[in-house]
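Novice: From first to last, the protein sequence lines stand for chains X and Z.
In my numbering, each residue's number is its place in the first sequence (first place is 1) plus 41.
In my numbering, each residue's number is its place in the second sequence (first place is 1) plus 41.
Since the hints were made in silico from the structure, they are not lab data.
A couple of the hints might just be wrong.
Claimed, not checked - In silico DSS-like links for lysine-lysine, alpha-carbon gap of 27 Å or less:
no.	chain 1	residue 1	chain 2	residue 2
1	X	Lys119	X	Lys333
2	Z	Lys206	X	Lys186
3	X	Lys112	X	Lys296
4	Z	Lys112	Z	Lys70
5	Z	Lys186	Z	Lys112
6	Z	Lys102	X	Lys186
7	X	Lys206	Z	Lys251
8	X	Lys333	X	Lys186
9	X	Lys296	X	Lys333
10	X	Lys102	Z	Lys102
11	X	Lys76	Z	Lys186
12	Z	Lys186	X	Lys70
13	Z	Lys324	Z	Lys112
14	X	Lys324	X	Lys303
15	X	Lys76	X	Lys112
16	Z	Lys303	Z	Lys251
17	X	Lys70	X	Lys119
18	Z	Lys76	X	Lys186
19	Z	Lys296	Z	Lys326
20	X	Lys324	X	Lys119
21	Z	Lys102	Z	Lys340
22	X	Lys70	X	Lys326
23	Z	Lys70	Z	Lys324
24	Z	Lys326	Z	Lys340
25	X	Lys70	Z	Lys206
26	Z	Lys326	Z	Lys76
27	X	Lys102	Z	Lys324
2 protein chains.
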Amino acid sequence: MMTFVEKLEEAIEINNSRVCVGLDIDINKMPGVYKDEYLSLPRALCNNLEVMEEDLEIARKKAEIIFAFAKDIIDATKEVACIYKPQAAYYESQGVAGEIAIRLIVQYILEECDQPALYDAKRGDIDRTAEQYALAILEDSTGKKFEALTVNSYMGGEAVMPFTKYPNKGVIVLCRPSNPTAGEMCRVRLESGEYYFEYVARKAVEEWNKNGNVALVVGAVSEHLPREDVESCRRIGPQIFFLIPGIGAQPGILKDTVEAAKGPFFINSSSGITHASSGPDYKEKAHESSTKLRDDINKYLR
Amino acid sequence: MMTFVEKLEEAIEINNSRVCVGLDIDINKMPGVYKDEYLSLPRALCNNLEVMEEDLEIARKKAEIIFAFAKDIIDATKEVACIYKPQAAYYESQGVAGEIAIRLIVQYILEECDQPALYDAKRGDIDRTAEQYALAILEDSTGKKFEALTVNSYMGGEAVMPFTKYPNKGVIVLCRPSNPTAGEMCRVRLESGEYYFEYVARKAVEEWNKNGNVALVVGAVSEHLPREDVESCRRIGPQIFFLIPGIGAQPGILKDTVEAAKGPFFINSSSGITHASSGPDYKEKAHESSTKLRDDINKYLR
Numbered sequence: 042m043m044t045f046v047e048k049l050e051e052a053i054e055i056n057n058s059r060v061c062v063g064l065d066i067d068i069n070k071m072p073g074v075y076k077d078e079y080l081s082l083p084r085a086l087c088n089n090l091e092v093m094e095e096d097l098e099i100a101r102k103k104a105e106i107i108f109a110f111a112k113d114i115i116d117a118t119k120e121v122a123c124i125y126k127p128q129a130a131y132y133e134s135q136g137v138a139g140e141i142a143i144r145l146i147v148q149y150i151l152e153e154c155d156q157p158a159l160y161d162a163k164r165g166d167i168d169r170t171a172e173q174y175a176l177a178i179l180e181d182s183t184g185k186k187f188e189a190l191t192v193n194s195y196m197g198g199e200a201v202m203p204f205t206k207y208p209n210k211g212v213i214v215l216c217r218p219s220n221p222t223a224g225e226m227c228r229v230r231l232e233s234g235e236y237y238f239e240y241v242a243r244k245a246v247e248e249w250n251k252n253g254n255v256a257l258v259v260g261a262v263s264e265h266l267p268r269e270d271v272e273s274c275r276r277i278g279p280q281i282f283f284l285i286p287g288i289g290a291q292p293g294i295l296k297d298t299v300e301a302a303k304g305p306f307f308i309n310s311s312s313g314i315t316h317a318s319s320g321p322d323y324k325e326k327a328h329e330s331s332t333k334l335r336d337d338i339n340k341y342l343r
Numbered sequence: 042m043m044t045f046v047e048k049l050e051e052a053i054e055i056n057n058s059r060v061c062v063g064l065d066i067d068i069n070k071m072p073g074v075y076k077d078e079y080l081s082l083p084r085a086l087c088n089n090l091e092v093m094e095e096d097l098e099i100a101r102k103k104a105e106i107i108f109a110f111a112k113d114i115i116d117a118t119k120e121v122a123c124i125y126k127p128q129a130a131y132y133e134s135q136g137v138a139g140e141i142a143i144r145l146i147v148q149y150i151l152e153e154c155d156q157p158a159l160y161d162a163k164r165g166d167i168d169r170t171a172e173q174y175a176l177a178i179l180e181d182s183t184g185k186k187f188e189a190l191t192v193n194s195y196m197g198g199e200a201v202m203p204f205t206k207y208p209n210k211g212v213i214v215l216c217r218p219s220n221p222t223a224g225e226m227c228r229v230r231l232e233s234g235e236y237y238f239e240y241v242a243r244k245a246v247e248e249w250n251k252n253g254n255v256a257l258v259v260g261a262v263s264e265h266l267p268r269e270d271v272e273s274c275r276r277i278g279p280q281i282f283f284l285i286p287g288i289g290a291q292p293g294i295l296k297d298t299v300e301a302a303k304g305p306f307f308i309n310s311s312s313g314i315t316h317a318s319s320g321p322d323y324k325e326k327a328h329e330s331s332t333k334l335r336d337d338i339n340k341y342l343r
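For reference, chain X alone in the conformation it holds in the complex:
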């Protein structure tokens, strides 16, 4: 059985691509045919035993719509993506329907795609709780058998180890996020002289990566994220994979990002691909925008 990193490296090689397709499905941005059908169905709260059967039936129907749209996007980007990354919040916000949908989606990726499936969940909790999250996200038993997840390491090694102990799974530690307010928490200067995110990077690289399955979230260069931050993470982990958000909806600068990240990395685009169009051309646009991102990255890689 291939490890997460091996599968990722193979997908990068085969598709000559470092594009991560972020499956952040926003119901209101789905193409008309799916959106209208979805919104015509009643809410399904699944919090009342007396109408549970009806609610579950509605949830199932809604899940099938989300899944059908996700399948379209996956099929349209299969030859361009190196990894698929559904974001947990977009499924959780659809209640039980979303929970069913994400299971159908991850199963489809596992069965039909060569790319690994990464759950962007940013979980982080004490050891026995993290073990429950590992069961929830990485194991057969719950129907959500992802090959990797993102984690938040604020509770220390205890919050990370329950995931890294699966040698074949990937554990991507939130290190230097790309959003405008990230700097106020991660770019705080320590007594030692380094930034807090550099401390996180060192912990991840030096202590938590015993199984060689740890990666880092390191955002794209932008007005909020100086190039030196990416370069510094690369110095700390010369061989470690970066998941790079912040290109697309967020105004990252691709050229600087690719140059600074040089080494193993992949770059995410979510709504820029998945919701590139809400019109009938949504599949073509998803294919086009992912292909363009792939080519742009490759241009700067040379």
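Given the structure of chain X, go ahead and fit chain Z onto it with the hints provided.
Specialist: Then chain Z, alone, in the frame of chain X:
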């Protein structure tokens, strides 16, 4: 409509208690009658459309078992608790069954209890993603209408504001966790001289609490958490509520904790109450252990 803080204060007053009952339901620690029935049911992965109906039927049955047990614990502690806190991971690890169960549980707390319902989810992500989490956890539309949640602020104000903008909801920022490895990430000394968790506390108190609905997670005093850490958080936020974990399964020292936290706080116990016994006396034991904790806290409060 009462705010989260008002409802919490009223529950503390009425029950003369600062006990938070942590509903971290571990299937394997449920009393025999529930556990055996649960484990006799097949897995319900809900990731295959061809057997979805059967899977959902099984998930529903499993959810009813978890709910029945939770109801027993809630009923047994209703006169002693000031708040109920289900931990997300324990429901997520049970797949769709857990997702249904948590909806039944929160609905029961909302309808039958005077205590607020707090979701221990430690979510933290960029603004539009955090908005999806808010929908998932705080809104009517998904069946999981909690009155408060725990959040992780590593992505800055952007990760916190989508929750605090609900003035009636409580937002509890992870500040000084109690687990053994928390110190390595939060007790890092900054250039300014303060610890990182003190910086988090100041951000929460001074910047994110505009609606008066922010609280802090501040762990119990223990060999891993010096009393000065609790005192320091109290100095930074004299009027802010503390959710205090680390008593019970974790070996916190109650007397020091209560003295150092003086001001608004509540103390969580999860397995120490919910799984106080796996025998037929589990309701009595849950009542006993929550009552004992209430009385011990009150003793030190005098």
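Novice: Can you name, in rising order, the numbers of the hints this structure does not satisfy?
Specialist: Hints 2, 3, 7, 8, 14, 21 and 27 not satisfied by this model.
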